[in-house]
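For reference, the chains in residue letters:
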Amino acid sequence: QKEVEQDPGPLSVPEGAIVSLNCTYSNSAFQYFMWYRQYSRKGPELLMYTYSSGNKEDGRFTAQVDKSSKYISLFIRDSQPSDSATYLCAMKEMANAGKSTFGDGTTLTVKP
Amino acid sequence: DTAVSQTPKYLVTQMGNDKSIKCEQNLGHDTMYWYKQDSKKFLKIMFSYNNKELIINETVPNRFSPKSPDKAHLNLHINSLELGDSAVYFCASSQESRGVSGANVLTFGAGSRLTVL
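Chains as they are written, first to last, in this note's numbering: chain A, 1 to 112; chain B, 1 to 117.
Keep in mind that a hint or two might mislead.
[Said to hold, decoys possible] Covered by chain A, per the in silico footprint, the following chain B stretches (three or more residues, Cβ under 8 angstroms):
no.: 1; segment: 23 to 32
no.: 2; segment: 42 to 56
[Stated by the list, open to error] Take a look, some chain B residues computed to stay more than 10 angstroms from chain A by CB distance:
no.: 3; residue: T7
no.: 4; residue: P8
no.: 5; residue: L11
no.: 6; residue: K71
no.: 7; residue: A92
Just so you know, the hints here were simulated from the structure itself, not pulled from any lab data. The beta-carbon is built from N, C-alpha and C at its ideal position, and this holds for glycine as well.
Isolated chain A (complex conformation):
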């Protein structure tokens, strides 16, 4: 069983929809939770990260962490065609310097 499982997708939504991207994990030592966005033929780029449980908002993006359920989400409000990409969750233990464990990614298409 993988340490990090991500909803596989692909996901296709109309422009303006609210998108929910989700990951579950099994390692209770994970303390840092990251979301990366990867456009086709490009490297992943960090969208946002959170530490421990709670919510974090950045513009149209909200990251949510529920450590009791070992579940994290990324919400995208008012989705745009430019949001079409693969979204990767990643997680890291406090003590394990330099090692992030990634989910498999969810490919999102936002149709105009």
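Position chain B against the provided structure of chain A, taking the given hints into account.
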């Protein structure tokens, strides 16, 4: 000005050949990485160097040999290439000094797509 640059972008080669991928970062980061991304988009860490010292070496065949001549450069040499080595290899860097843990925010290069025929 590209933060993490890797060359070449594309590599097509025959089984059994040896190839190298080079990576340079101009962010002043202490730590550099090689990740492998398979056709299903799964990103797996291969190696990590902090200030030229190897700190992560995941179960990677010893046909793969990383080399870090200085903290701004990390190269990957692959011997005796196999079909299963076909993937996109990403170089990344982060400002994560040894012994200090943080969020491990990675800056990735654009990737080197390796195809082994």
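Okay, the hints, checked on the actual structure:
Residues of the segment 23 to 32 of chain B lying with their CB closer than 8 angstroms to a CB of chain A number 1, which falls below the three-residue condition for coverage. Against chain A, the segment 42 to 56 of chain B contributes 8 residues with a C-beta closer than 8 angstroms to a partner C-beta. That satisfies the three-residue criterion, and the hint holds. Once the 10 angstroms rule is applied to beta carbons, T7 of chain B is consistent with being away from chain A; the minimum gap is 14 angstroms. Chain A leaves P8 of chain B outside its interface by the beta-carbon criterion, the shortest separation being 14 angstroms against a cut-off of 10 angstroms.
Every CB of chain A lies more than 10 angstroms from the CB of L11 of chain B, the least distance being 15 angstroms, so the non-interface label holds. Consistency note on K71 of chain B: stated as away from chain A, and its beta-carbon is indeed over 10 angstroms from all of that chain's, at 14 angstroms minimum. Non-interface call for A92 of chain B relative to chain A: violated, since the shortest CB-CB distance, roughly 8 angstroms, does not exceed 10 angstroms.
Hints 1, 7 from the earlier list are contradicted by this structure; the remaining hints agree with it.
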